[in-house]
Amino acid sequence: MFLRNAWYIAAWADELGEKPLGRRVCNEPIVLFRDSNGAAAALTDRCCHRSAPLSQGTLVATGLQCGYHGLIFDGSGKCVAIPGQSRIPDDARVRSYPVVEKDQLVWLWMGEAGRADPGKILDFPYHNDRAHWPNKHACYPIKGNYMLMVDNLMDLTHLGYLHAKTVGGNPAAHVGAEMKTTRTSTGIKFTRWLRNSVPPPTYVKAAGFTGRVDRWQEFEWVAPSSVLQWTGAADVGTGAYEGKREGGFQFRLFHGLTPETETSCFYFWSCANGYRQNEPAATEQLYSEIAPTFVEDKEMVEAQQARMTELGEAGLVDIAADANRMTMRRFMERMIAEEVGARAAE
Amino acid sequence: MFLRNAWYIAAWADELGEKPLGRRVCNEPIVLFRDSNGAAAALTDRCCHRSAPLSQGTLVATGLQCGYHGLIFDGSGKCVAIPGQSRIPDDARVRSYPVVEKDQLVWLWMGEAGRADPGKILDFPYHNDRAHWPNKHACYPIKGNYMLMVDNLMDLTHLGYLHAKTVGGNPAAHVGAEMKTTRTSTGIKFTRWLRNSVPPPTYVKAAGFTGRVDRWQEFEWVAPSSVLQWTGAADVGTGAYEGKREGGFQFRLFHGLTPETETSCFYFWSCANGYRQNEPAATEQLYSEIAPTFVEDKEMVEAQQARMTELGEAGLVDIAADANRMTMRRFMERMIAEEVGARAAE
Amino acid sequence: MFLRNAWYIAAWADELGEKPLGRRVCNEPIVLFRDSNGAAAALTDRCCHRSAPLSQGTLVATGLQCGYHGLIFDGSGKCVAIPGQSRIPDDARVRSYPVVEKDQLVWLWMGEAGRADPGKILDFPYHNDRAHWPNKHACYPIKGNYMLMVDNLMDLTHLGYLHAKTVGGNPAAHVGAEMKTTRTSTGIKFTRWLRNSVPPPTYVKAAGFTGRVDRWQEFEWVAPSSVLQWTGAADVGTGAYEGKREGGFQFRLFHGLTPETETSCFYFWSCANGYRQNEPAATEQLYSEIAPTFVEDKEMVEAQQARMTELGEAGLVDIAADANRMTMRRFMERMIAEEVGARAAE
Numbered sequence: 000m001f002l003r004n005a006w007y008i009a010a011w012a013d014e015l016g017e018k019p020l021g022r023r024v025c026n027e028p029i030v031l032f033r034d035s036n037g038a039a040a041a042l043t044d045r046c047c048h049r050s051a052p053l054s055q056g057t058l059v060a061t062g063l064q065c066g067y068h069g070l071i072f073d074g075s076g077k078c079v080a081i082p083g084q085s086r087i088p089d090d091a092r093v094r095s096y097p098v099v100e101k102d103q104l105v106w107l108w109m110g111e112a113g114r115a116d117p118g119k120i121l122d123f124p125y126h127n128d129r130a131h132w133p134n135k136h137a138c139y140p141i142k143g144n145y146m147l148m149v150d151n152l153m154d155l156t157h158l159g160y161l162h163a164k165t166v167g168g169n170p171a172a173h174v175g176a177e178m179k180t181t182r183t184s185t186g187i188k189f190t191r192w193l194r195n196s197v198p199p200p201t202y203v204k205a206a207g208f209t210g211r212v213d214r215w216q217e218f219e220w221v222a223p224s225s226v227l228q229w230t231g232a233a234d235v236g237t238g239a240y241e242g243k244r245e246g247g248f249q250f251r252l253f254h255g256l257t258p259e260t261e262t263s264c265f266y267f268w269s270c271a272n273g274y275r276q277n278e279p280a281a282t283e284q285l286y287s288e289i290a291p292t293f294v295e296d297k298e299m300v301e302a303q304q305a306r307m308t309e310l311g312e313a314g315l316v317d318i319a320a321d322a323n324r325m326t327m328r329r330f331m332e333r334m335i336a337e338e339v340g341a342r343a344a345e
Numbered sequence: 000m001f002l003r004n005a006w007y008i009a010a011w012a013d014e015l016g017e018k019p020l021g022r023r024v025c026n027e028p029i030v031l032f033r034d035s036n037g038a039a040a041a042l043t044d045r046c047c048h049r050s051a052p053l054s055q056g057t058l059v060a061t062g063l064q065c066g067y068h069g070l071i072f073d074g075s076g077k078c079v080a081i082p083g084q085s086r087i088p089d090d091a092r093v094r095s096y097p098v099v100e101k102d103q104l105v106w107l108w109m110g111e112a113g114r115a116d117p118g119k120i121l122d123f124p125y126h127n128d129r130a131h132w133p134n135k136h137a138c139y140p141i142k143g144n145y146m147l148m149v150d151n152l153m154d155l156t157h158l159g160y161l162h163a164k165t166v167g168g169n170p171a172a173h174v175g176a177e178m179k180t181t182r183t184s185t186g187i188k189f190t191r192w193l194r195n196s197v198p199p200p201t202y203v204k205a206a207g208f209t210g211r212v213d214r215w216q217e218f219e220w221v222a223p224s225s226v227l228q229w230t231g232a233a234d235v236g237t238g239a240y241e242g243k244r245e246g247g248f249q250f251r252l253f254h255g256l257t258p259e260t261e262t263s264c265f266y267f268w269s270c271a272n273g274y275r276q277n278e279p280a281a282t283e284q285l286y287s288e289i290a291p292t293f294v295e296d297k298e299m300v301e302a303q304q305a306r307m308t309e310l311g312e313a314g315l316v317d318i319a320a321d322a323n324r325m326t327m328r329r330f331m332e333r334m335i336a337e338e339v340g341a342r343a344a345e
Numbered sequence: 000m001f002l003r004n005a006w007y008i009a010a011w012a013d014e015l016g017e018k019p020l021g022r023r024v025c026n027e028p029i030v031l032f033r034d035s036n037g038a039a040a041a042l043t044d045r046c047c048h049r050s051a052p053l054s055q056g057t058l059v060a061t062g063l064q065c066g067y068h069g070l071i072f073d074g075s076g077k078c079v080a081i082p083g084q085s086r087i088p089d090d091a092r093v094r095s096y097p098v099v100e101k102d103q104l105v106w107l108w109m110g111e112a113g114r115a116d117p118g119k120i121l122d123f124p125y126h127n128d129r130a131h132w133p134n135k136h137a138c139y140p141i142k143g144n145y146m147l148m149v150d151n152l153m154d155l156t157h158l159g160y161l162h163a164k165t166v167g168g169n170p171a172a173h174v175g176a177e178m179k180t181t182r183t184s185t186g187i188k189f190t191r192w193l194r195n196s197v198p199p200p201t202y203v204k205a206a207g208f209t210g211r212v213d214r215w216q217e218f219e220w221v222a223p224s225s226v227l228q229w230t231g232a233a234d235v236g237t238g239a240y241e242g243k244r245e246g247g248f249q250f251r252l253f254h255g256l257t258p259e260t261e262t263s264c265f266y267f268w269s270c271a272n273g274y275r276q277n278e279p280a281a282t283e284q285l286y287s288e289i290a291p292t293f294v295e296d297k298e299m300v301e302a303q304q305a306r307m308t309e310l311g312e313a314g315l316v317d318i319a320a321d322a323n324r325m326t327m328r329r330f331m332e333r334m335i336a337e338e339v340g341a342r343a344a345e
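Protein chains in written order, with numbering that gives the first Met the number 0: chain A, 0 to 345; chain B, 0 to 345; chain C, 0 to 345.
None of these hints come from the bench; they were simulated from the model.
None of the values given here were measured: they were computed from a predicted structure.
Hints may be right or wrong, so weigh each one.
Which copy is meant is left open, because identical chains are indistinguishable; a pair holds if it fits in one copy or across any two.
Below are the DSS-like pairs computed for lysine-lysine, each with C-alpha atoms no more than 30 Å apart in a straight line [unchecked claim]:
{"no.": "1", "residue 1": "K243", "residue 2": "K179"}
{"no.": "2", "residue 1": "K77", "residue 2": "K297"}
{"no.": "3", "residue 1": "K164", "residue 2": "K77"}
{"no.": "4", "residue 1": "K119", "residue 2": "K188"}
{"no.": "5", "residue 1": "K101", "residue 2": "K77"}
{"no.": "6", "residue 1": "K243", "residue 2": "K18"}
{"no.": "7", "residue 1": "K188", "residue 2": "K297"}
{"no.": "8", "residue 1": "K243", "residue 2": "K77"}
{"no.": "9", "residue 1": "K142", "residue 2": "K18"}
{"no.": "10", "residue 1": "K179", "residue 2": "K119"}
{"no.": "11", "residue 1": "K243", "residue 2": "K297"}
{"no.": "12", "residue 1": "K77", "residue 2": "K18"}
I would like the entire structure built from these sequences, with the hints used as guidance.
Have a look at this one:
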C-alpha cells in the first residue's frame with residue numbers, strides 16, 4: 000500500500016542525459032527523459048503499439064522514439080509520429096506523470112494529476128549552493144520496503160552496532176544522547192546533542208579542534224520519505240546549542256527513499272561538507288566515509304525484509320529507542336488512511 | 000494456449016549426437032536422441048522409475064539408458080531392460096512423440112499421435128543443397144512467446160529502427176516499399192520490392208553490381224511458426240520482378256519458432272547464400288552479419304514480453320504496418336479455435 | 000510434511016565457532032551458536048525487535064547480540080539486554096529449540112520441546128575415536144527433498160550407473176550381490192555380501208590384499224534420515240561373514256540428511272578409515288574419492304526433484320531394487336501418520 004498523492008524522487012537530475020532512463024516507482028514501470036527543451040518528462044515505460052519498453056528507445060528532436068517500430072511520443076505522452084502513416088489515432092498515447100525538477104532532484108507524482116502541487120516539494124537548496132555546500136550524491140537500489148530505510152533513519156541507536164566498524168563510535172554515547180523531538184506540519188524534527196564532549200578523531204582531523212566541543216545531529220523527516228540531516232560540532236560553549244553553528248565542523252546529508260515495489264526501493268542520498276569548502280578532497284573524503292556505511296544499512300534492511308516477508312511482523316516488540324520511528328509510522332498511517340478514505344468517498 | 004496438432008522444430012539434425020538432448024517444447028520436458036539405427040526419437044524426459052531426467056542418461060545399443068538406476072528405453076518409450084530383474088512390467092514405459100527428420104531439421108508433433116502427417120511438414124530443400132545454397136544455422140533461446148517473434152517477421156518496418164546499427168539502412172525505404180500480399184492454404188506470402196534502386200554497399204561488395212538494381216524481399220509464413228525468406232537483387236530491368244532471379248545477389252533465410260513455455264521459445268534460423276557459392280567465406284560473412292541482427296530481435300522481444308506479462312495487451316493500438324501481422328494472428332486464432340472446438344466435440 | 004518430533008542434524012560441532020550460524024531446518028530459519036560456556040543453542044533466526052536475522056549478529060559474553068540495534072539474547076531465547084532502557088519486557092524473547100551435541104554433531108529437535116529425549120539420538124562413537132577411526136566430514140546443500148537422498152542410500156544398484164566413472168565398478172556385481180535385510184526398532188539394516196571375490200584395485204592398494212576376499216557393505220537406516228555404513232573386505236574365509244572383521248580393509252561412512260525446505264536439504268556426511276590409521280594421507284585419500292561421488296548423488300537428486308516438482312509422482316513404477324527403499328518409506332509414512340494422529344487427538 001503506497002501513498003499515491005505524494006512526490007517521490009524518480010532520479011537525480013544528472014541521471015537524465017542522452018538516453019531515456021527506465022525506473023520502476025510504486026511498482027509502475029516509468030521512463031524518464033528530457034524533451035528537446037531540456038524539460039524532464041515521465042511516461043509509462045511501454046509503447047502503446049506493441050508494448051516495447053520506451054526506455055530502450057532513442058531521444059529525437061520531437062520526443063522519445065520507440066526502438067522497435069519508430070513511433071515517437073512527446074513529454075505529454077501524445078504520439079507525434081507513426082512511420083508509414085500520416086494519421087495518428089487519438090488513442091495512440093501513453094500515460095504521463097507530473098514531474099518537477101528541483102534542487103538537482105527529479106520529483107514524480109504518482110497520484111491524481113490534478114492534485115500535484117509543486118509547492119509541496121521540500122526545499123534542499125544546499126544541492127545548488129556548491130560554494131558553501133560542495134556535495135556528491137548516489138542512488139542505491141535496496142531490496143527492502145522503503146519505510147524500513149526511513150525506520151533506520153528515525154532510530155540512530157543502530158550506529159553503535161550496525162556501524163560499529165565504520166562511523167559508529169561509542170554505542171553508549173549514541174544511546175544516551177540528549178534528544179529533543181518536535182512535530183512539524185509535514186513530519187517530525189529531532190535533534191540529538193552531545194554537549195561538552197571530546198570530538199571524535201575524524202572531526203579533529205577535518206576541522207582541527209583543539210579542545211572539547213558541542214556536537215549536534217539534527218534530523219527532519221518530511222513525509223513520506225525524505226530525511227534532511229545536519230550534523231556538526233563547534234568549540235564548546237560558543238553558541239552551537241543556541242543556533243550559532245558557523246565555523247567548526249558540519250555537514251549535511253540528504254536521504255530520499257522511493258518505493259520501487261512493496262519490497263524494494265531506491266535510496267537517493269547526498270553529502271555536502273560545510274567545512275574546507277575549497278578543497279574537493281574534503282567532499283571526496285566525506286563521501287568515501289559515508290558510502291560504505293550506507294551499504295551496511297542497505298544490507299541490514301535487505302536481511303530484515305527477507306525475514307518480514309517470511310514471518311510477518313507479529314510478535315515484534317517496540318523498545319524505548321523506537322519513539323520517533325513510531326511517531327513517524329503513525330503519521331504515515333494517518334496519511335494513507337485519509338487518502339484511502341477520500342478515494343472511497345468519491 | 001499452444002496449437003497442439005502441429006509440427007514444431009525440436010532441434011537441428013546435427014544437435015542429435017552422442018548424447019541425448021533435453022529440450023522443453025510446449026512446456027513439456029522432452030528428451031531427443033537417435034536410436035542405434037540413427038532414427039530420431041522423442042520421449043518425455045523423465046524415467047518412469049524414479050523421475051530422473053533421461054536427458055542425463057547414456058545412449059546404449061538398445062536405446063537410452065537412465066543415468067540413475069540403469070533402466071533402458073527404446074525409441075517408442077518402451078522399457079527394454081531393468082537391472083536386477085528379468086520381468087519388465089507393461090507400465091514401465093514413457094510417452095513417445097512422433098518425430099520426423101527432414102531438411103536438416105527434427106520436427107516434433109505435440110498433438111494427437113494419430114493425426115501426425117509427415118506430409119504436412121514444409122519443404123526447405125536448400126538446407127540439403129549445399130552446392131547451390133551453402134548454409135549455416137543456429138538456435139537462439141528467447142525469453143518471449145514464440146508468436147512475438149513471428150510478429151517481428153511479419154512487419155519489416157522494424158528494420159530501420161531496431162536494426163538501425165546493423166542491417167537496417169534507410170527507415171523510409173523500408174516503410175515505403177512496394178508490397179504485395181497473398182494468402183496461401185498454409186499461411187501468407189508477401190513480397191516487398193525496391194525497383195530501380197541504388198544497391199546497398201553490402202550488395203555491391205557481395206555481387207559486384209555496377210548500376211541500379213531491382214531488389215526483392217519475399218516472405219512466406221507457414222503456420223504455425225515458420226517463415227521462409229528469399230532476398231536479393233538483380234540488374235535493373237533484367238526480369239527479377241517477373242521471376243528471373245539468377246545471377247546477381249540473393250540469399251535465403253529460414254526462421255522457425257518453437258514454443259518452449261508461454262513466455263519463451265527457441266529461434267531456429269539458417270542463412271544460405273545464392274552467390275559465390277564456392278567461397279566458404281561468403282557463407283561465413285553472411286552469417287556473421289545476420290547473427291548479431293537476430294540478437295537485437297531476441298533482446299527486443301524479451302523486453303516486450305516482460306512488459307506484456309506485467310501489463311497485458313489492453314490499450315495497445317494497431318498501425319498500418321501491422322496488416323500482415325494481423326492477418327497472421329487471425330489465421331492462428333482460427334486454427335486454435337478449430338482445434339479447441341474439435342476437442343470439445345469429442 | 001516433515002516429521003516434527005525427531006532429532007535432525009543442524010550442524011557439525013565444529014561449525015559453531017566465533018560467529019553465529021544461520022541455517023534453515025524444516026523450513027524454519029534457525030540461528031545456532033555457543034553461549035560463553037560453550038553450550039550449543041538454537042533460536043529462531045529473527046530478532047523480536049525489528050526482525051533482523053540474529054545470524055548477522057555477534058557473540059558477546061552474555062549471549063547473542065543483534066547486529067542492528069544491539070539487543071542481547073541468551074541460549075534460552077530470553078532477551079537479557081536492550082540498549083537505552085533497563086526494563087526488559089517479558090515478551091522480549093525469541094523461540095528456542097532443544098539442542099544436543101553428541102559425537103561431533105549438533106542435533107536439533109523441531110517438535111514439542113517436552114518430548115525431546117536426548118536418549119533417542121543415535122550413537123556414532125567413531126567420530127570421537129580418531130585413533131581407530133580417523134575421519135573427515137562435510138555438509139553438502141542439496142536442492143532436493145531429503146528423502147530422495149535417503150532413497151538413494153537404500154538402493155545401491157545406482158552405483159554401477161550414476162557412479163560408473165567414480166566408485167561404481169561392475170553394475171552386475173552390485174545388482175547381483177547377496178543381500179540380507181532385517182528390521183530394527185528404529186529402522187532397517189541390510190548387508191550386501193560379495194564373498195570369495197576379487198578385490199577391487201583400490202582395496203588392494205589400500206590394504207595390500209594378495210588373494211581373494213570376502214567383501215561386505217552394511218547399512219543401517221535410523222529414522223528419520225540417518226544412514227550408518229560399514230564397508231570392507233577381509234581375506235577370504237577368515238571369518239568376516241561371521242563377524243570377524245579386523246585387519247584387512249574397512250571404512251565407515253555416516254550419512255545424515257536434514258530437511259531445509261520441502262525441496263532442499265543438507266547432506267552431512269563423514270568418512271572414517273579403519274585401516275592405516277596412523278597415516279593422515281589414508282584419510283585424505285578416502286575423503287577425496289568419496290567427495291566427488293556424493294556430488295554425483297547431489298546432482299542427480301536435484302534433477303530428480305525438478306522433475307518431481309513439475310510432474311508429480313503419478314505413473315512411476317517400482318522395481319525389485321526398490322524393496323528396502325519401500326520398506327523405509329512405509330516406516331516413515333507410519334511415523335508421520337502417528338504424529339499427525341496424536342496431534343489431532345489432543
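The hints, checked one at a time:
1. Only within a single protomer do K243 and K179 lie at most 30 Å apart by alpha-carbon distance; the minimum there is 18 Å, versus 81 Å between protomers.
2. With identical chains, the CA atoms of K77 and K297 are at most 30 Å apart between copies only, with a shortest distance of 28 Å across copies and 38 Å within one.
3. Only between protomers do K164 and K77 lie at most 30 Å apart by alpha-carbon distance; the minimum there is 27 Å, versus 52 Å within a single protomer.
4. In this homomeric assembly, K119 and K188 come within 30 Å of each other (Cα to Cα) only inside a single copy, at 17 Å, whereas the closest approach across copies is 59 Å.
5. Proximity of K101 and K77 under a CA criterion of 30 Å is satisfied intra-copy only: 25 Å inside one chain copy versus 50 Å between copies.
6. In this homomeric assembly, K243 and K18 never come within 30 Å of each other (Cα to Cα): the closest approach is 45 Å inside a single copy and 46 Å across copies.
7. In this homomeric assembly, K188 and K297 come within 30 Å of each other (Cα to Cα) only inside a single copy, at 23 Å, whereas the closest approach across copies is 52 Å.
8. For a Cα distance limit of 30 Å, the shortest separation of K243 from K77 qualifies neither inside one copy, at 52 Å, nor across copies, at 47 Å.
9. Taking the shortest alpha-carbon separations for K142 and K18, both the intra-copy value of 25 Å and the inter-copy value of 25 Å come in at or below 30 Å.
10. With identical chains, the CA atoms of K179 and K119 are at most 30 Å apart within one copy only, with a shortest distance of 26 Å there and 58 Å across copies.
11. Taking identical chains as interchangeable, the C-alpha atoms of K243 and K297 are never at most 30 Å apart, the minima being 34 Å within one chain and 62 Å between chains.
12. In this assembly of identical chains, K77 and K18 lie within 30 Å of each other by CA distance solely inside one copy; the values are 19 Å within and 55 Å between copies.
Hints 6, 8 and 11 from the list above are not met by this structure, while the remaining hints are.
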